[in-house]
Amino acid sequence: MEELSKAVEVEKRDFKRRQRSNRLKQVLTISSPIFMLLIWEFLSQTAIIDPRFFPPPTTIIETLISMGASGELLEHVKVSLIRIVFGFLLGVIPAITLGLIMGMYSSIRHFFSPLIMALMPIPTLAMLPIILIIFGIGEFSKMVTIAASVFFPVVINTVAGVMNIDKVYADVAKNYGANPKDFFMKIALPGAMPVMMEGVQMGQAIALLTIVAAEMIGANSGIGYVIWMNYKAFLIPEMFVGLILISFFGYLFSLLLRGLQSKLIPWK
Amino acid sequence: MSEKIKVDQLTKVFFKHKEQVMALKDINFSIEDGEFICILGPSGCGKTTLLRILAGLETPSSGHYDIQAKGQERPLQSMVFQEQGVIPWMTVEENVSLGLRMRHAPRKIIKERTSMYLKKVGLTPYKDLFPKELSGGMKQRVSIARAFANDPEILLMDEPFAALDEQNKFILQEELLSIWEETKKTVIFITHSIDEAILLSDRIFLMTSQPGTIKEEVKIDLPRPRQMKKVRSDPKSADVFLKIWNHLQTEVQESRIKHER
Ligand SMILES: Nc1ncnc2c1ncn2[C@@H]1O[C@H](COP(=O)(O)OP(=O)(O)O)[C@@H](O)[C@H]1O
Ligand SMILES: [Mg+2]
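First to last, the sequence lines map onto chains A and B. Counting from 1, position 39 in the first sequence corresponds to residue 39 in UniProt numbering; the numbering is continuous, with no gaps. Counting from 1, position 94 in the second sequence corresponds to residue 94 in UniProt numbering; the numbering is continuous, with no gaps.
Hints may be right or wrong, so weigh each one.
Claimed, not checked - Here are the computed lysine-lysine pairs in the DSSO-like style, where the Cα-Cα straight-line distance is at most 27 Å:
{"#": "1", "chain 1": "A", "residue 1": "K268", "chain 2": "B", "residue 2": "K111"}
{"#": "2", "chain 1": "A", "residue 1": "K174", "chain 2": "B", "residue 2": "K25"}
{"#": "3", "chain 1": "B", "residue 1": "K132", "chain 2": "A", "residue 2": "K174"}
{"#": "4", "chain 1": "A", "residue 1": "K167", "chain 2": "B", "residue 2": "K127"}
{"#": "5", "chain 1": "A", "residue 1": "K181", "chain 2": "B", "residue 2": "K108"}
{"#": "6", "chain 1": "B", "residue 1": "K127", "chain 2": "A", "residue 2": "K186"}
{"#": "7", "chain 1": "B", "residue 1": "K219", "chain 2": "B", "residue 2": "K230"}
{"#": "8", "chain 1": "A", "residue 1": "K167", "chain 2": "B", "residue 2": "K108"}
{"#": "9", "chain 1": "B", "residue 1": "K127", "chain 2": "A", "residue 2": "K181"}
{"#": "10", "chain 1": "B", "residue 1": "K243", "chain 2": "B", "residue 2": "K25"}
{"#": "11", "chain 1": "B", "residue 1": "K18", "chain 2": "A", "residue 2": "K263"}
{"#": "12", "chain 1": "B", "residue 1": "K16", "chain 2": "B", "residue 2": "K70"}
{"#": "13", "chain 1": "B", "residue 1": "K120", "chain 2": "B", "residue 2": "K139"}
{"#": "14", "chain 1": "B", "residue 1": "K18", "chain 2": "A", "residue 2": "K167"}
{"#": "15", "chain 1": "A", "residue 1": "K174", "chain 2": "B", "residue 2": "K215"}
{"#": "16", "chain 1": "A", "residue 1": "K186", "chain 2": "B", "residue 2": "K229"}
{"#": "17", "chain 1": "B", "residue 1": "K6", "chain 2": "B", "residue 2": "K18"}
{"#": "18", "chain 1": "A", "residue 1": "K174", "chain 2": "B", "residue 2": "K243"}
{"#": "19", "chain 1": "A", "residue 1": "K174", "chain 2": "B", "residue 2": "K185"}
{"#": "20", "chain 1": "A", "residue 1": "K167", "chain 2": "B", "residue 2": "K16"}
{"#": "21", "chain 1": "B", "residue 1": "K16", "chain 2": "A", "residue 2": "K174"}
{"#": "22", "chain 1": "A", "residue 1": "K174", "chain 2": "B", "residue 2": "K230"}
{"#": "23", "chain 1": "B", "residue 1": "K6", "chain 2": "A", "residue 2": "K174"}
{"#": "24", "chain 1": "B", "residue 1": "K139", "chain 2": "A", "residue 2": "K263"}
{"#": "25", "chain 1": "B", "residue 1": "K139", "chain 2": "A", "residue 2": "K167"}
{"#": "26", "chain 1": "B", "residue 1": "K169", "chain 2": "A", "residue 2": "K186"}
Hints were generated in silico from the structure; no laboratory data involved.
From just these sequences and the hints, can you work out the full model?
See below:
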């Protein structure tokens with residue numbers, strides 16, 4: 001009896017220790033950005049780093065608030081978000097469809113693979129002139145730019161996802177009489193989902209990079225435009241506001257996608 | 001009784017790079033409706049290949065096979081796979097109803113049959129779980145329930161209990177027998193365990209390897225319903241065990257000599 005209570009005691013202590021270490025990790029995760037901001041604030045206030053180029057975070061936040069109040073900033077954010085969301089979908093949906101078909105049919109895979117391999121290394125931004133020629137300078141060309149950059153990681157990961165499905169599941173589906181449509185929906189799509197979602201995550205990050213760069217080169221609205229214009233006008237705190245917004249939305253999107261991932265892949 | 005499965009001069013050759021493997025050679029047998037047949041042989045002798053041909057997953061190089069269908073509605077066969085054939089992204093219930101759903105059976109029938117077989121294998125409380133949360137024995141129960149729920153003309157089972165521990169194996173063997181007694185399906189069951197074959201089957205086909213042929217057929221006429229305890233203590237089964245044992249011994253030795261050459 002004493003042995004037992006001793007054993008329980010040991011386990012309890014161990015459990016508490018693990019809990020404490022988990023809590024410490026959480027604190028570290030939250031505190032590291034705060035810590036960095038504090039150092040930045042200090043260095044900038046004391047002019048150890050040049051506050052003209054690196055204004056203190058408090059100034060940036062004040063700028064953000066005053067810019068937000070005018071309503072113009074919101075307009076830029078909205079424009080960028082619409083471009084990102086629709087461009088993202090415009091790239092992801094065809095990429096998943098083509099990826100699944102390529103994964104399922106080896107002849108189609110062999111036909112498209114070299115094309116994808118040849119097009120993938122071209123940075124989408126290098127394609128921007130061609131995209132502008134074909135689609136004009138309107139909103140759609142920006143969405144196409146994002147779509148093109150999102151397309152490749154998603155299609156490649158989707159193909160890999162389908163190829164990764166254990167052959168025994170294909171045999172099970174065949175043995176139990178799955179028709180091509182059922183096979184597509186019930187085996188290929190869910191089976192490829194984990195690897196595919198990795199591609200979607202990657203695509204999301206690339207979409208953000210692309211839109212900001214594209215807006216810096218060829219647009220008169222959007223977060224990228226805000227950064228570039230304010231830089232050219234030497235309005236550095238305003239420029240930093242743009243950077244902070246990108247960081248915020250990047251983080252938000254990856255959180256959303258991770259949430260979606262655990263909804264879509266409850267079986268992992 | 002009527003003939004259910006007829007296999008005639010079935011041969012299968014695989015080409016691997018430049019080598020060729022004669023996996024099956026001139027397989028002939030006939031199985032009556034409602035029989036429980038075990039195919040017993042050393043690993044690599046072509047058991048899985050034979051079953052995959054009957055399951056329509058592999059085509060024979062030559063020869064024929066024929067499965068008699070009673071009804072139009074029923075699928076010809078359902079297979080319980082050797083490896084983990086339970087699909088990880090479907091819940092237990094979705095796995096069990098797989099065949100019925102793929103056939104687009106009426107919803108009411110899907111529900112009825114699925115819950116009936118979930119109950120028979122004791123998985124009703126776990127029906128909403130995903131396979132990752134199940135033990136090996138529970139997963140094989142899902143596989144078995146899925147095959148029976150599909151209500152096929154014949155059942156094909158490829159070493160379904162090979163990966164289980166002894167305790168689980170005994171329990172599942174008896175569960176399988178009791179479901180089979182109720183449904184009286186024709187079953188071809190592959191195993192490399194002599195005890196398992198004796199417990200389950202009406203007849204045992206003994207296979208030899210490279211090329212895989214059926215060398216002998218052993219009739220098991222122990223009374224049913226059977227239980228491991230009774231079968232183990234029956235002197236008749238001990239004789240059968242020895243007979244099969246001797247056969248397999250010489251088989252394994254011969255194939256070893258063949259390989260060393
Ligand atoms: N798809 C395949 N391609 C090439 N050889 C195969 C294939 N499937 C099985 N074989 C060969 O056929 C023989 C029989 O295999 P198998 O039917 O799996 O045996 P068992 O199930 O009795 O262990 C083995 O020598 C194996 O290597
Ligand atoms: Mg095998």
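These are the hints, each one checked on the structure:
1. At roughly 26 Å between alpha-carbon atoms, K268 of chain A and K111 of chain B fall within 27 Å of each other, so this suggested pair holds.
2. At roughly 26 Å between alpha-carbon atoms, K174 of chain A and K25 of chain B fall within 27 Å of each other, so this suggested pair holds.
3. Restraint check: the Cα-Cα separation between K132 of chain B and K174 of chain A comes to about 23 Å, which is no more than 27 Å; the hinted pair holds.
4. For the hint linking K167 of chain A to K127 of chain B, the alpha-carbon distance of about 25 Å falls within 27 Å, and the restraint holds.
5. Only pairs whose Cα atoms come within 27 Å are accepted, and K181 of chain A paired with K108 of chain B is accepted, the gap being roughly 22 Å.
6. As the CA atoms of K127 of chain B and K186 of chain A are separated by approximately 18 Å, the hinted pair is consistent with the 27 Å bound.
7. Restraint check for K219 of chain B and K230 of chain B: satisfied, since their Cα atoms lie roughly 18 Å apart, inside the 27 Å limit.
8. Taking the CA atoms of K167 of chain A and K108 of chain B, the gap is near 31 Å; set against the 27 Å cutoff, the hint is violated.
9. Distance hint between K127 of chain B and K181 of chain A is fulfilled; the C-alpha atoms sit about 25 Å from each other, no more than 27 Å.
10. As the CA atoms of K243 of chain B and K25 of chain B are separated by approximately 24 Å, the hinted pair is consistent with the 27 Å bound.
11. This hinted pair does not check out: K18 of chain B and K263 of chain A have alpha carbons roughly 48 Å apart, beyond 27 Å.
12. Distance hint between K16 of chain B and K70 of chain B is unfulfilled; the C-alpha atoms sit about 39 Å from each other, more than 27 Å.
13. Simply put, K120 of chain B and K139 of chain B have alpha-carbon atoms about 14 Å apart, close enough for the 27 Å limit, and the pair holds.
14. Using a Cα cut-off of 27 Å, the hinted pair K18 of chain B and K167 of chain A holds, with the two alpha carbons roughly 24 Å apart.
15. A C-alpha spacing of about 31 Å is found between K174 of chain A and K215 of chain B, which places the hinted pair above 27 Å, so the restraint is violated.
16. Distance check on the hinted pair: K186 of chain A and K229 of chain B sit about 43 Å apart at the alpha-carbon level, beyond 27 Å; violated.
17. This hinted pair does not check out: K6 of chain B and K18 of chain B have alpha carbons roughly 33 Å apart, beyond 27 Å.
18. At most 27 Å may separate the alpha-carbon atoms for a hinted pair to count; K174 of chain A and K243 of chain B exceed this at roughly 39 Å.
19. With a C-alpha separation of about 21 Å, the suggested pairing of K174 of chain A with K185 of chain B holds against the 27 Å cut-off.
20. Taking the CA atoms of K167 of chain A and K16 of chain B, the gap is about 18 Å. The hint holds against a cut of 27 Å.
21. For the suggested pair K16 of chain B and K174 of chain A, the alpha carbons sit about 24 Å apart, so the restraint of at most 27 Å is met.
22. For the given pair, K174 of chain A sits about 39 Å from K230 of chain B by alpha-carbon distance, which is inconsistent with the 27 Å threshold.
23. The straight-line distance between the Cα atoms of K6 of chain B and K174 of chain A is roughly 23 Å, inside the 27 Å bound, and the hint therefore holds.
24. Between K139 of chain B and K263 of chain A, the direct Cα distance comes to roughly 23 Å. Compliance with the 27 Å bound is thereby established for this hinted pair.
25. The straight-line distance between the Cα atoms of K139 of chain B and K167 of chain A is roughly 18 Å, inside the 27 Å bound, and the hint therefore holds.
26. For the hint linking K169 of chain B to K186 of chain A, the alpha-carbon distance of about 31 Å lies beyond 27 Å, and the restraint is violated.
Consistency with the previously given hints fails for numbers 8, 11, 12, 15, 16, 17, 18, 22 and 26, ordered from lowest to highest.
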